[in-house]
Amino acid sequence: AQTVTQSQPEMSVQEAETVTLSCTYDTSESDYYLFWYKQPPSRQMILVIRQEAYKQQNATENRFSVNFQKAAKSFSLKISDSQLGDAAMYFCAYRSRGGATNKLIFGTGTLLAVQP
Amino acid sequence: NAGVMQNPRHLVRRRGQEARLRCSPMKGHSHVYWYRQLPEEGLKFMVYLQKENIIDESGMPKERFSAEFPKEGPSILRIQQVVRGDSAAYFCASSPVGGGMRQPQHFGDGTRLSIL
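Chains as they are written, first to last, in the working numbering: chain B, 1 to 116; chain S, 117 to 232.
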C-alpha cells in the first residue's frame, strides 16, 4: 500500500522569504500523480500544484514550485516570496494512475506560519 | 460556475442519532469522493462513487456508514447510530472523469460533524 509522509508538523517563514515543505512517499508503482493541497483556516481544500511521475520537469505555478526526485520518492514544495495569505496547512497527496480507484492518499500535513 | 457544494456546513447530533451529509458535485462531474479528517490529522479516503455505483469503498467503516450517489440529486453520506468518535470534518470532492492530471479532484468546504 502507498503511504505519504510529511515529517514537518509545523514550519515558519518570514514574509517575502522562501520556504520548503518536505514530502516523501512510498510506492511500488512507476506511474502516479502527486499533489500539494492548501487548507487555510476556512478549511477549504485548494489545489496548489500537481506533478505527473513520468515527467522529469518540475512543476511550477507562479510562486509555487516542486522538487520532484523520483528515485528518492521525494516531492517537496517551495514557496517563494511568501505572503501572509500563504499561512495554512499544506497537504501532500498521492494518486495512482492506473487501476479503478482514484483515491488520494494524504500526508498528515505541515502547518505553515508566515511572520510579518 | 458553482463549485462542489456540501451541506450542512455544521451538523450537531447526539449519540445514537443518524447523520446525513450531502454533496452536490460540480456541474458536469460524475465522480464523487468522500474523505474524513479527524482533528489534527490529514484527510483519509472513505469511498468513491459514480452515478448509481460504488466503485471503491475500501476506506468505509464496515458498520453504520453508507454512501450513495443516485441518478438524480446529491451524493449522501449516511452515518447511523453516531458515536463520539465520528466527530470529524467530512469532505466531498468531485471530478469529471478519473480525476487525473487535467481533471483533479475539486473539494467542497466540508461538513463539520459534532457528536454530543
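Just so you know, the hints here were simulated from the structure itself, not pulled from any lab data. Check each hint, because a few of them may be wrong.
Cut-off 20 Å, straight-line C-alpha distance, at most; resulting in silico cross-link-like pairs (SDA-like, lysine to any residue) [to be verified]: (1) Lys143/S x Leu47/B; (2) Lys160/S x Ser42/B; (3) Lys143/S x Thr108/B; (4) Lys160/S x Thr20/B; (5) Lys55/B x Ser12/B; (6) Lys160/S x Lys78/B; (7) Lys160/S x Arg97/B; (8) Lys160/S x Val48/B; (9) Lys55/B x Gly98/B; (10) Lys78/B x Gln8/B; (11) Lys160/S x Gly85/B; (12) Lys167/S x Thr101/B; (13) Lys160/S x Leu111/B; (14) Lys73/B x Tyr32/B; (15) Lys160/S x Lys55/B; (16) Lys55/B x Pro220/S.
Each hint tested on the structure:
This hinted pair checks out: lysine 143/S and leucine 47/B have alpha carbons roughly 18 Å apart, not beyond 20 Å. A C-alpha spacing of about 19 Å is found between lysine 160/S and serine 42/B, which places the hinted pair at or below 20 Å, so the restraint holds. For the proposed pair lysine 143/S and threonine 108/B, the alpha carbon gap of about 30 Å is over 20 Å, so the pair is violated. Restraint check for lysine 160/S and threonine 20/B: not satisfied, since their Cα atoms lie roughly 24 Å apart, outside the 20 Å limit.
Annotation: proposed proximity of lysine 55/B to serine 12/B is violated, straight-line Cα distance about 30 Å (limit 20 Å). For the hint pairing lysine 160/S with lysine 78/B, the CA-to-CA distance comes to about 25 Å; that exceeds 20 Å, so the pair is violated. Note on lysine 160/S and arginine 97/B: the hinted pairing holds, with a Cα-Cα distance of about 19 Å set against a maximum of 20 Å. Only pairs whose Cα atoms come within 20 Å are accepted, and lysine 160/S paired with valine 48/B is accepted, the gap being roughly 19 Å.
Only pairs whose Cα atoms come within 20 Å are accepted, and lysine 55/B paired with glycine 98/B is accepted, the gap being roughly 16 Å. Our distance criterion of 20 Å between C-alpha atoms is met by lysine 78/B and glutamine 8/B, whose separation comes to about 14 Å. Restraint check: the Cα-Cα separation between lysine 160/S and glycine 85/B comes to about 26 Å, which exceeds 20 Å; the hinted pair is violated. A C-alpha spacing of about 15 Å is found between lysine 167/S and threonine 101/B, which places the hinted pair at or below 20 Å, so the restraint holds.
Taken as a hint, the lysine 160/S and leucine 111/B pair is honoured in the structure, with Cα atoms around 18 Å apart against an allowance of 20 Å. At roughly 11 Å between alpha-carbon atoms, lysine 73/B and tyrosine 32/B fall within 20 Å of each other, so this suggested pair holds. Pair hint lysine 160/S plus lysine 55/B does not hold up; C-alpha atoms about 27 Å apart against a cutoff of 20 Å. Using a Cα cut-off of 20 Å, the hinted pair lysine 55/B and proline 220/S holds, with the two alpha carbons roughly 17 Å apart.
When the structure is compared with the earlier hints, violations turn up for hints 3, 4, 5, 6, 11, 15 and for no others.
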